Every structure is written in structure tokens, then in C-alpha cells.
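> Throw the hints in and build the complete structure from the sequences for me.
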Amino acid sequence: MGMFSRMTDIVQANLNAMLDKAEDPEKVIRLIIQEMEETLVEIRFEAAKYIAQQKQFRRQQDKFQLEVESWMKKAELAMSKGKENLARSALQEKQKYAEQAKAIGEQLLQVDELLNDLQEDTARLQTKLSEARNKQKSLVTRKQSATVRLKAKTVEHSNKIENAMARFEQYEQRIDSLEAQVEAYDLTSKNELDDTSLNAQFNELTANDDIDKELAELKQKYAA
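Following the numbering used here, the numbering of the sequence shown begins with 1 at its first residue and continues without gaps.
If you're looking for bench data, these hints aren't it; they were derived computationally from the structure. Since we're looking at a predicted model, the values are computed, not measured. Using N, Cα and C, we set each Cβ at its ideal position, and we do this for glycine too. Errors might be hidden in some of the hints.
Claimed, not checked - Restraint ranges, calculated between C-beta atoms of paired labels, are given here: (1) K27 - A123: 25 to 35 Å; (2) E42 - Q65: 33 to 43 Å; (3) T141 - E106: 51 to 61 Å; (4) Q95 - K135: 56 to 66 Å; (5) K137 - Q53: 31 to 41 Å; (6) E37 - R149: 11 to 21 Å; (7) L66 - L31: 25 to 35 Å; (8) K73 - E35: 53 to 63 Å; (9) A48 - R149: 42 to 52 Å; (10) R124 - D62: 15 to 25 Å; (11) A123 - K73: 41 to 51 Å; (12) E106 - D24: 47 to 57 Å; (13) S89 - A123: 33 to 43 Å; (14) A123 - K153: 43 to 53 Å.
Said to hold, decoys possible - Under the rule of at most 20 Å between Cα atoms (straight-line distance), these lysine to any residue pairs were calculated in the SDA-like manner: (15) K128 - V28; (16) K135 - Q34; (17) K74 - K94; (18) K55 - Q110; (19) K63 - K96; (20) K73 - K83.
What follows is the structure, given as C-alpha cells:
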């Protein structure tokens with residue numbers, strides 16, 4: 001079982017425990033992210049150890065391969081000089097280093113497979129971690145939005161708002177009444193002014209007639 005699988009089991013167990021306790025979803029996702037981040041640290045630590053082993057095995061493998069090549073050349077040299085026993089001994093040494101190189105090669109393959117598994121685990125875990133962080137941001141945003149909307153709805157349905165609006169309407173009606181009184185005064189004053197102006201015009205006509213009459217009488221008196 002890979003480290004990612006073990007981590008998944010741990011997270012799932014903790015998640016189920018928290019859900020059974022009806023924990024806050026935001027808290028649950030935060031703890032999941034924390035466990036994922038801690039697991040990533042463990043994976044990187046394990047990967048660092050395997051990479052160190054990989055480098056060490058490759059150095060040993062290269063060293064053994066050089067020994068194999070060196071003893072092979074010695075065996076060829078011995079045979080070229082007619083020393084078969086010496087060549088045999090050289091081939092035996094060559095075989096010994098070849099077996100060691102093979103063993104190291106098998107260990108190196110195991111380390112390579114472990115590193116590949118860790119890389120796959122890391123990639124899957126990072127994907128899940130990214131999804132969890134996005135989910136966390138979404139939950140925080142939705143929670144903030146819901147909180148603000150709930151506050152708005154609470155205020156909207158508050159009796160204080162209704163009472164204030166009623167008082168505002170009453171005040172508005174009082175203003176309308178005052179404005180109507182002002183308009184009524186203006187209308188009355190205008191009618192009175194129109195009546196006065198009309199009477200003045202008729203009075204002026206009557207006064208002019210009296211003046212014309214007196215003027216005619218004066219002309220007749222002095223003309224005689």
C-alpha cells in the first residue's frame with residue numbers, strides 16, 4: 001500500500017469522526033488540508049532518502065562495472081601471454097564484481113519503483129490538496145455571503161424597520177398637508193387680488209365719467 005493510500009485512509013477516518021460529531025465543515029476541510037500538507041512533507045522526506053540511496057547504488061554499480069571491465073582486460077592480457085590459469089583467476093574476479101553489480105542493479109530497480117510510486121502519490125495528493133484549498137475558499141466565500149445575506153434579511157424583517165417606515169409615511173403626510181395649506185393661501189390671495197383689480201378698473205371708469213361731466217359743465221359756463 002502506497003503512502004498516499006495510507007494517508008487517504010487516515011483522512012477518511014478523521015473525516016468520518018468529525019462528521020459524526022457534526023463538526024463545522026470549514027473546520028473539517030481545514031484539518032484535511034493540514035493532514036495533506038503534513039503527508040506531503042513526509043513523502044518528500046522519504047523521496048529524499050530514496051534519491052540518496054539511488055545515487056549511492058549508481059555509484060557502486062559504476063564502480064563494480066569498472067572492476068568488471070578491468071578484470072576482463074586482465075584476463076585477455078593473461079591469455080595473450082599464454083597464462084591460462086592467470087586468465088581464469090581474472091575471470092573469476094570479473095564474475096564476482098559482475099554478480100555484485102547485478103545485485104546492486106536489482107536494488108536500484110526497487111528504489112526506482114519506489115520513487116515512481118512516491119511521485120505518483122505526490123501528484124495525486126497535490127491534486128487533492130489543490131481541490132481541497134479551492135473548496136475551502138468556496139466554503140469561506142459562501143459562508144461570508146450567507147452571513148451577510150442573513151443579516152440583511154434579519155434587518156429587512158425587523159419591526160424597527162417597519163415602525164420607522166410607518167413614522168416616515170406619517171411625517172410625509174404632514175408635509176403634504178402643510179404644502180396643501182400653503183397652496184390654498186396662494187390661491188385665495190390670487191383670487192382676492194383679481195377681484196380688487198377688477199373693481200379698481202370699474203371705479204376708474206366711473207371717476208373718469210364724473211371728471212368729463214364736470215369738465216363739460218365748465219366749458220358751457222364760460223363759453224356763454
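> So, for every hint listed, does it hold in this structure?
Quick rundown of the hints versus the structure:
1. Taking 25 to 35 Å as the suggested C-beta distance range, the pair K27 and A123 conforms, at roughly 27 Å.
2. Evaluation of the 33 to 43 Å hint for E42 and Q65 yields a pass: the beta carbon distance comes to about 34 Å.
3. Remark: the range hint 51 to 61 Å for T141 to E106 is upheld by a beta-carbon distance near 53 Å.
4. Separation of Q95 from K135 is about 60 Å and conforms to the stated range, judged on CB atoms against 56 to 66 Å.
5. Checking the proposed 31 to 41 Å range against K137 and Q53 shows it holds: the Cβ atoms sit about 39 Å from each other.
6. Distance hint check: the CB atoms of E37 and R149 are about 32 Å apart, inconsistent with the given range 11 to 21 Å.
7. The beta-carbon spacing between L66 and L31, approximately 53 Å, falls outside the hinted interval of 25 to 35 Å.
8. In this structure the hint that K73 and E35 lie 53 to 63 Å apart at CB holds, the actual value being about 57 Å.
9. Distance hint check: the CB atoms of A48 and R149 are about 49 Å apart, consistent with the given range 42 to 52 Å.
10. Distance hint check for R124 and D62: the Cβ-Cβ separation is about 34 Å, which falls outside the suggested range of 15 to 25 Å.
11. About 46 Å separates the C-beta atoms of A123 and K73, a value consistent with the hinted range of 41 to 51 Å.
12. As the Cβ distance of E106 to D24 is approximately 51 Å, the hint placing it in 47 to 57 Å holds.
13. The hinted range of 33 to 43 Å is not satisfied by S89 and A123, whose Cβ atoms lie roughly 51 Å apart.
14. At roughly 45 Å, the beta-carbon separation of A123 and K153 lies within the given 43 to 53 Å, and the hint holds.
15. Restraint check: the Cα-Cα separation between K128 and V28 comes to about 15 Å, which is no more than 20 Å; the hinted pair holds.
16. For the given pair, K135 sits about 14 Å from Q34 by alpha-carbon distance, which is consistent with the 20 Å threshold.
17. Only pairs whose Cα atoms come within 20 Å are accepted, and K74 paired with K94 is accepted, the gap being roughly 9 Å.
18. Our distance criterion of 20 Å between C-alpha atoms is met by K55 and Q110, whose separation comes to about 13 Å.
19. Pair hint K63 plus K96 holds up; C-alpha atoms about 13 Å apart against a cutoff of 20 Å.
20. Restraint check: the Cα-Cα separation between K73 and K83 comes to about 14 Å, which is no more than 20 Å; the hinted pair holds.
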